[in-house]
Amino acid sequence: MAKIVVDPITRIEGHLRIEAEISNGRIVNAWSGSTMFRGIEKILKGRDPRDAWYYTQRFCGVCTTVHSIASIRAVENALAIKVPPNAEIVRNIIMGIQNVQDHVIHFYHLHALDWVDITSALKADPARTASLAASISDWPLNSPTYFKGIQERLKAFVAKGRLGPFANAYWGHSAMKLPPEANLMATAHYLEALEWQKDVIKVHAYLGSKNPHPQTFLVGGMAIPLDPDSQNAINADKLAEIGGLLKKAKEFVEKVYIPDLLAVASFYKDWAGIGGGVGNYLSYGEFPDPVTGKQFFPPGIILGKDLTKVHPVDQKKIAEYVDHSWFEYSVGQGKGAHPWDGETEPKYTGPKPPYQYLDTDRKYSWVKAPRYEELPMEVGPLAKLLVAYASGHKETQAAVGLVLKHLNVGPEALFSTLGRTGARGLDCLVTAQQLPVWHGQLVESIGKGDLRIHAGEKWDPSTWPKEAAGYGWHEAPRGALGHWIKIKDGQILNYQAVVPSTWNASPRDHKGQRGPYEEALIGTPIADPNRPVEILRTIHSFDPCLACAVHVLDATGNELVRVKVS
Amino acid sequence: MAKDHDVGCPEEAGVEFKGKVSELLEQRGVSRRDFMKFCSTMAAALALPPAFGPKIAQALDEVKRPTLVWLEFQSCTGDTEALLRASAPTVAEIVLDILSIDYAETIMAAAGHLAEANLDQVIKGEKGKYIAVVEGSIPLKDDGVYCCIGGRSAVDRATEVCGGAFATIAVGTCASYGGIPAASPNPTGAVGIKKAVPSATVVNLPGCPVNTDNLTATIVHFLLLKKLPATDSFGRPLFAYGKRIHDNCERRPHFDAGQYVEAWGDQGHRHGYCLYKMGCKGPQTFHNCPSERYNEHTSWPVAAGHGCAGCSQPNFWDDMGPLYRRLPNVAGFGIEATADKIGLGLVGAAAVGFGIHGALNAMRKDKEPEDSSREG
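First to last, the sequence lines map onto chains A and B. Residue 511 in the numbering used here sits at position 511 of the first sequence, with consecutive numbering throughout. Residue 1106 in the numbering used here sits at position 106 of the second sequence, with consecutive numbering throughout.
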């Protein structure tokens, strides 16, 4: 059977390759391979654990805060450090706005061109586009003049004869279903979102110096000082700036992103029956209360698409397999390793480049295969949403209920490509609506005179135990992210990260079970094997982030001391 | 380096411009006033006198849109993300768009062989004319198997694309010098683009990530003066990396006065004292962060209370760490001469380290002669 290859998968972070077999117009088998490797964990060995966040932040520049926070939490867990409430609130705001901004960029700039035909927008009637826009939202930019202006800009661009980044794509493809007016509206919002994303992320600049790669995290707290009586700290002026940006973020999500998502989804409801995947979902939960530590989004596991039961997460049940990954274990193939026991040696056995196909019967990826009790798990906004929904989280239930009613579909529609894309929007909405609450907490705390931002009792490594181990979790925009660290004599002895795209992009495991991307592709219709936009739809619905997924390398082989983790 | 956003808008001074780019921008809803403002900002960023604003505008109008291709290798995509946050924003984005970005994995609509066809077309059709931007390091170990795209190794691709480019701009520290993948023990044999493709003409824009204003300024410099900017011995443009952070730092008076942050969150930290004792690497780092800042000039690490990490220096991952250890061998505080000695001494050490990697000489070979781009 002939294989089709999509390499590079574009509009993602990192280097991903999909090989697929097609029969009777549908995918019958698929392989997800990552083709880039750096080895940052090996580089971490021997360095100061307080520096680890700065190194691991470079796992990824797209989800740019997530590894910092997971790393900081891992070290704080190992050393039993509790941070001041202000630091927890600032972290929630930084991670919250990251989540919101990242989801909007994904929808408009990474995913939309799988569903939206920009060239069709040239044929749209601006007046009817304005009516369409006004019928779904009271966003002020919805006049015929505005859409005509966008269309003219588009025409001028096309008239130059060079489409730049839009060349050679899937325009006019039979799988494109939107009418010209919807395409024009979405194109206008693609451009608006480009402006919006750089504005709202200035919250990171105020609280953390810059974005990407904010430079502000500290083991024990944060580096941004709080003081209403200083021009060199977060004062009332900066709090007001941040508050304004958070309001702007929320408005765009409520009035542009969600209405667009619903409008586009209503033309692609058949994708609620495509791309289901492995059916198991894992979420670590997120946004701890600054005082109680209780998470806003609850953690949990859903097995076999059964929403009647949420299972607790036990980190000891996570193991990684390398039977189809370019690594070797000293104990041989077929066995999994818990992240604290991570024993990983890269060993490339694939074809010498340049190559046409990977050897998918054997090893074909730099991504390992993480499994929970030997089961592949999907992670990401859908997993987060399903766990919250099934746990009775009221904000999530309200948002999900609204969307299911709008599209006139049942909860089973969530287990799909469309469900994944929709869940991301709802996650974004619920988080955007929560951000002003956290901002209010910070204002109130500073107002009461609490300026503490760092717990410094254990800053000096001489105060640390000789050996310690810990883990840190973060529910990142792309899903469940975990870092595991072992410290000895004030230095990093071992470091492991099991990240969202490792779960989702994983190759087959010791039992031959496909990873979530691979499983989700089975049954996907392909109208034209030369232009397989349908593969992009399902793969992009996961929001792949491959530099994150492939960084794993700790060549120690040392026996690790296990510590009891509450 | 003076950064003055108010330097005369030439339109107000009665200067008239007509041409391809400004007209195009007007069609896109960007006023000529905004365009001129952008050109003035660029003149300031390039340390050119205000009169150069109109010349930049003219150059942009005259030039036939050059093609730009953006390659990602062992990257985290942070530099692409930085580009999305470009300041002088509306116009800068469009100016970059006007360059015709024919290949950029993170934003382009096409995928797989359709995407590769776009790149092939540039390589074959515009040999010697296009600009290549490289993000991420290139692994040389084991035949380059640690980074393959479309079934080809990164070094194979880079050789073809950068070898045929008019010039290559390395964005970020990984593409410039290998960056974090090249940190000890460099598991994949990662190097910067100049070392991977010695024949390429390379300008390095290190930083983690690159400050996107410096990227825009480099491109404008090329369009305006028809040549690449003058660089230092590490291949970095002098207009952006010619001065030490310590010398331009807003907290410098506190250093000179002996006022230091002693603990995170203490009174000195809350009131903007010097971060030297908390590990700040500003005295040995050359970059224009204090004047350019990030995210539309909103902030930079020292302004937000965290020390400089030295991210624009070659091998900073190994040479500058740990992050919170203060610079070694400091005789005393508050003395100008001492601080200067620290900076020069450490940079000298870094230069020796870099020379060992063999890239320094290669870099010098292609270096533009010293010119007046700085003095204007």
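I should point out that these hints are in silico values taken from the structure, not numbers from a laboratory. Among the hints, a few may not be true.
As the list claims (entries may be wrong) - Beta-carbon label-pair distances, calculated as ranges: (1) 1322/B with 80/A: 18 to 24 Å; (2) 174/A with 1129/B: 51 to 57 Å; (3) 398/A with 1129/B: 54 to 60 Å; (4) 195/A with 1127/B: 32 to 38 Å; (5) 26/A with 1125/B: 34 to 40 Å; (6) 1322/B with 410/A: 50 to 56 Å; (7) 294/A with 1120/B: 54 to 60 Å; (8) 1296/B with 174/A: 50 to 56 Å; (9) 351/A with 1160/B: 43 to 49 Å; (10) 1248/B with 398/A: 50 to 56 Å; (11) 1297/B with 269/A: 44 to 50 Å; (12) 1031/B with 356/A: 37 to 43 Å.
Using N, Cα and C, we set each Cβ at its ideal position, and we do this for glycine too.
Here is how each hint holds up against the structure:
1. Under the hint 18 to 24 Å, the C-beta atoms of residue 1322/B and residue 80/A, about 22 Å apart, fit the expected range.
2. Distance hint check: the CB atoms of residue 174/A and residue 1129/B are about 37 Å apart, inconsistent with the given range 51 to 57 Å.
3. Roughly 56 Å separates the CB atoms of residue 398/A and residue 1129/B, a value that falls within the hinted 54 to 60 Å.
4. The given range of 32 to 38 Å is respected by residue 195/A and residue 1127/B, whose C-beta atoms sit roughly 36 Å from each other.
5. As the Cβ distance of residue 26/A to residue 1125/B is approximately 37 Å, the hint placing it in 34 to 40 Å holds.
6. At about 55 Å, the beta-carbon gap between residue 1322/B and residue 410/A stays in the expected band of 50 to 56 Å.
7. Checked against the given bound of 54 to 60 Å, the beta carbons of residue 294/A and residue 1120/B, roughly 55 Å apart, stay inside it.
8. A hinted range of 50 to 56 Å for the beta carbons of residue 1296/B and residue 174/A is inconsistent with their spacing of about 43 Å.
9. Against the hinted window of 43 to 49 Å, the Cβ-Cβ separation of residue 351/A and residue 1160/B comes to about 20 Å, which falls outside the hint.
10. For residue 1248/B paired with residue 398/A, a C-beta distance near 51 Å keeps the hint of 50 to 56 Å intact.
11. The hint said 44 to 50 Å for the Cβ distance between residue 1297/B and residue 269/A, and at roughly 46 Å that hint holds.
12. The hinted window of 37 to 43 Å between residue 1031/B and residue 356/A is violated, with their beta carbons roughly 51 Å apart.
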